[in-house]
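Novice: These protein sequences, in sequence, are chains L and P.
Residue numbers 1 to 462, in the numbering used here, belong to the letters of the first sequence in order.
Residue numbers 463 to 924, in the numbering used here, belong to the letters of the second sequence in order.
Treat the hints with care, since some could be wrong.
Claimed, not checked - With a Cα cut of at most 20 angstroms, we get these calculated EDC-like pairs of lysine to aspartate or glutamate:
(1) 608(P) - 227(L)
(2) 146(L) - 686(P)
(3) 146(L) - 689(P)
(4) 9(L) - 25(L)
(5) 873(P) - 894(P)
(6) 392(L) - 245(L)
(7) 608(P) - 224(L)
These are computed hints drawn from the structure, not numbers from a lab.
There are 2 protein chains.
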Amino acid sequence: MTIAEELAKRVVTTRYEDLTQRAIEYAKIGVLDTFGVGIAGSVDEAAVIARRVSGTEAGAALVWGTPERTGALRAAFLNGIAANVLDYDDCTDNLGGHPSSPVLPALIALAEQRHASGRDLLTAYVAGFEVETNLGRGVNFHHYEKGWHPTATLGVFGTAAACARLLQLNEAQTTRALALCASLAAGVKSNLGSMAKPMHVGNSSRSGLLAALLAADGFTGNADALEHPQGFLQVFNGAGTYSIERILEKWGTPWEIEMPGIAIKQYPCCLSTQSAIDLMIGLVKEHDVRADAVAGVDARVPALRLEHTNRPQPRSALDAKLSIQYVLARALSNRAVSLPHFEGDAYQDANIQRAMKLVDAQPFDEPMLNELGASGAVIVLRLKDGRQLAGKIRRPIGHEPGVPLPSDLVKAKFQVCVSRRLSPKQMADLYDSVQEFERVADVRRFTACFEAAQAAPVRLAG
Amino acid sequence: MTIAEELAKRVVTTRYEDLTQRAIEYAKIGVLDTFGVGIAGSVDEAAVIARRVSGTEAGAALVWGTPERTGALRAAFLNGIAANVLDYDDCTDNLGGHPSSPVLPALIALAEQRHASGRDLLTAYVAGFEVETNLGRGVNFHHYEKGWHPTATLGVFGTAAACARLLQLNEAQTTRALALCASLAAGVKSNLGSMAKPMHVGNSSRSGLLAALLAADGFTGNADALEHPQGFLQVFNGAGTYSIERILEKWGTPWEIEMPGIAIKQYPCCLSTQSAIDLMIGLVKEHDVRADAVAGVDARVPALRLEHTNRPQPRSALDAKLSIQYVLARALSNRAVSLPHFEGDAYQDANIQRAMKLVDAQPFDEPMLNELGASGAVIVLRLKDGRQLAGKIRRPIGHEPGVPLPSDLVKAKFQVCVSRRLSPKQMADLYDSVQEFERVADVRRFTACFEAAQAAPVRLAG
Chain L
1 MTIAEELAKR VVTTRYEDLT QRAIEYAKIG VLDTFGVGIA GSVDEAAVIA
51 RRVSGTEAGA ALVWGTPERT GALRAAFLNG IAANVLDYDD CTDNLGGHPS
101 SPVLPALIAL AEQRHASGRD LLTAYVAGFE VETNLGRGVN FHHYEKGWHP
151 TATLGVFGTA AACARLLQLN EAQTTRALAL CASLAAGVKS NLGSMAKPMH
201 VGNSSRSGLL AALLAADGFT GNADALEHPQ GFLQVFNGAG TYSIERILEK
251 WGTPWEIEMP GIAIKQYPCC LSTQSAIDLM IGLVKEHDVR ADAVAGVDAR
301 VPALRLEHTN RPQPRSALDA KLSIQYVLAR ALSNRAVSLP HFEGDAYQDA
351 NIQRAMKLVD AQPFDEPMLN ELGASGAVIV LRLKDGRQLA GKIRRPIGHE
401 PGVPLPSDLV KAKFQVCVSR RLSPKQMADL YDSVQEFERV ADVRRFTACF
451 EAAQAAPVRL AG
Chain P
463 MTIAEELAKR VVTTRYEDLT QRAIEYAKIG VLDTFGVGIA GSVDEAAVIA
513 RRVSGTEAGA ALVWGTPERT GALRAAFLNG IAANVLDYDD CTDNLGGHPS
563 SPVLPALIAL AEQRHASGRD LLTAYVAGFE VETNLGRGVN FHHYEKGWHP
613 TATLGVFGTA AACARLLQLN EAQTTRALAL CASLAAGVKS NLGSMAKPMH
663 VGNSSRSGLL AALLAADGFT GNADALEHPQ GFLQVFNGAG TYSIERILEK
713 WGTPWEIEMP GIAIKQYPCC LSTQSAIDLM IGLVKEHDVR ADAVAGVDAR
763 VPALRLEHTN RPQPRSALDA KLSIQYVLAR ALSNRAVSLP HFEGDAYQDA
813 NIQRAMKLVD AQPFDEPMLN ELGASGAVIV LRLKDGRQLA GKIRRPIGHE
863 PGVPLPSDLV KAKFQVCVSR RLSPKQMADL YDSVQEFERV ADVRRFTACF
913 EAAQAAPVRL AG
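Only chain L is shown next, with the shape it has when bound in the complex:
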């Protein structure tokens, strides 16, 4: 059997009853969080431009953050862009990227078109997640380091698998859907830092859905399209840089979505700054520290993180998302780092500019790296009264394998993301609905709640 055939066989036989309670819990977190960041991202310029140029087709699938319904392929493209554009969407270790922003926009659009149930959607999502991350286990981190954007190049396979499962395709059809993905995978890192990045994700979501729809209707691809000498593994990675064994060595037990699970970003900025922010907010809250009581901040993070986050004077809102100095100044002063801090000229706030000057960012020494690893942080707050408050952290909360973000924090993030779109009552209803997503009979009726969103672009609450 080829790789596509092996994966197809597993996708086709995955049933809701095979999911663990923890996999279902994580999947519901993914659905809630992806909706949230997608609605927040829908007002971003990249999402707005994409809506303008991508046609006008009417259909059953909601364009998140708007009252518009459109064709499933267009919705997958637009919602994929919106879900990824803020770089606030979930992550997972083996993928080396964002697992849900390609899969869910396509899967939800398809579910709306077909009146699928929440239970079927969760099953398909877990299967698609397993496909993309198992591929990641086989091709990373060469794939990532070479310059591919795995969220897009691997996400397309996960999306096709998920959509194939929702459509109840048979093994041969699912094989062909996966084979077509070898021809649709795209996205290079040279375009990160531009709107092309979320475009990768929207495109990946649309392409994965397209592959499934084509395969469902008899379109052909070659079953050996992955391992062929001119196939995905050889052409994208190259000889000696991937392992077919690693791709196929597991399926579930545990599901990738439950272990390592989904890491939820608490802060809408660079992944490499999340630990330090978490640690800083913890310190200032625990000791009730006010910014004007601080004489200096010694921040230590791994050198590989500092390399791209050492930006003592950010020059734009986007630049501020990567500035360890800026985000730590925000964490110290506001005890939060949230979306409005990266809008307009918020990064030029005079108080924050003062606080930034307090921050001395340096790389980990070797003992720190050995103790805390590549995602850790150490902070020492030197107070004007002479006291020193020190803390250390290994990973930000919500990023520890198998330890989901506490539900109150998931909920709080969701509320901030959708707050200017929905009333408190609507937010509460929606939140509750996702908690019972496995009992949703028709995903289209579920997304109808989101149609309440106002059409006018809005700023997000502070």
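Following the hints, position chain P against chain L.
Specialist: Relative to the frame of chain L, chain P by itself:
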């Protein structure tokens, strides 16, 4: 300046007045031939499936071979598939693929949407052709041999350039359109021989148009997306396998579309069989040979051609397209090799099966290869009356650099391709219109002629 900036500057400044008469003539051949093979291909199963699953948007752009008009992006996708699916579309040396089937479907759809003129379309087409082929000069043939499908992976840049020119984008916008293509390029050879192959082309056409539309509306990409260490050249090709100098060393003088120009396939089968067919038809016509007068056929072609065309017993119509024995039997018996010969079970025709047994196909010896090159053929017909008729050929007619296919053969191919869709009067009108394409005021009115096409799938004339 980056590669994208250099190319953008050249695209932006290309004017109709810069085109040579020969470039315009070749461009009109490309328009006519691409329409023809696209209309013929529109009844193929891959094109029909793609129409069914790709949505229902109404718009200004014609779906070739049907009376339907749809959005430009969808039309580019569908017409790109139709134009390439029969493997009957034009070729050019430096691209290592089909230059027009990605570019023209997008460009024509866009021209229809914008009421552009024939003159503006021809200018944009020549500029896009120059971009994709100059990229080919820089990355081939490693790019091709590694497993990328250049028609798609390079065609997307040509398409974006052409669409950017038609939209009269400025340098910065055109740069961004080309940069986005680094993120949209896709298509691996492991999927050739399946419907994925024409999907590559439809997708490439759609993606190139999307890149131009996004860039026109303010979407961003990084100007160094091609030469960046994690960009198109390094990620797709790899260090030491491409030449930036070769990409940028020329622009026009002559235009790639005039030299080497467009090679027009006379026969709807594998490129590697075209020379031998040409030679065989010439021999049997010149000497008025009937198949039943032949005792044997000694056919000699380069080993690299015979490797994939030595198929003495084809098992399907698609397989027959690659069988040197089958196509030579057709050429001998029918003095033609045309679309109906690859439909249904035509390949099982008893007379043809008998004629196939006469064909002895062997590789070139070294003197033949030295004399005739990698596209040549030698045939000796041994007649029952003891005579021997021998001939040799270097390249099939219409494939010699700078020597276009004679216009009567271009016309005859067009007529066969569209004959069941259009009346003789319509065909003649259309043919004449393309001859004066530079005087077409609005491409939409031009394509309106094609709306006469019947909706029902039809078989093509013999």
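Novice: If a hint holds in the structure, say so; if it does not, say that too.
Specialist: Verification of the supplied hints:
As the CA atoms of residue 608(P) and residue 227(L) are separated by approximately 14 angstroms, the hinted pair is consistent with the 20 angstroms bound. Between residue 146(L) and residue 686(P) the alpha-carbon distance is near 16 angstroms, which keeps this suggested pair within the 20 angstroms criterion. As the CA atoms of residue 146(L) and residue 689(P) are separated by approximately 14 angstroms, the hinted pair is consistent with the 20 angstroms bound. Straight-line distance between C-alpha atoms of residue 9(L) and residue 25(L) comes to about 25 angstroms, which puts the hinted pair past the 20 angstroms bound.
For the hint pairing residue 873(P) with residue 894(P), the CA-to-CA distance comes to about 10 angstroms; that is within 20 angstroms, so the pair holds. Between residue 392(L) and residue 245(L) the CA atoms are separated by roughly 38 angstroms; this puts the pair beyond 20 angstroms, and the hint is violated. Distance check on the hinted pair: residue 608(P) and residue 224(L) sit about 16 angstroms apart at the alpha-carbon level, within 20 angstroms; holds.
Hint compliance for this structure: hints 4, 6 are broken, all remaining hints hold.
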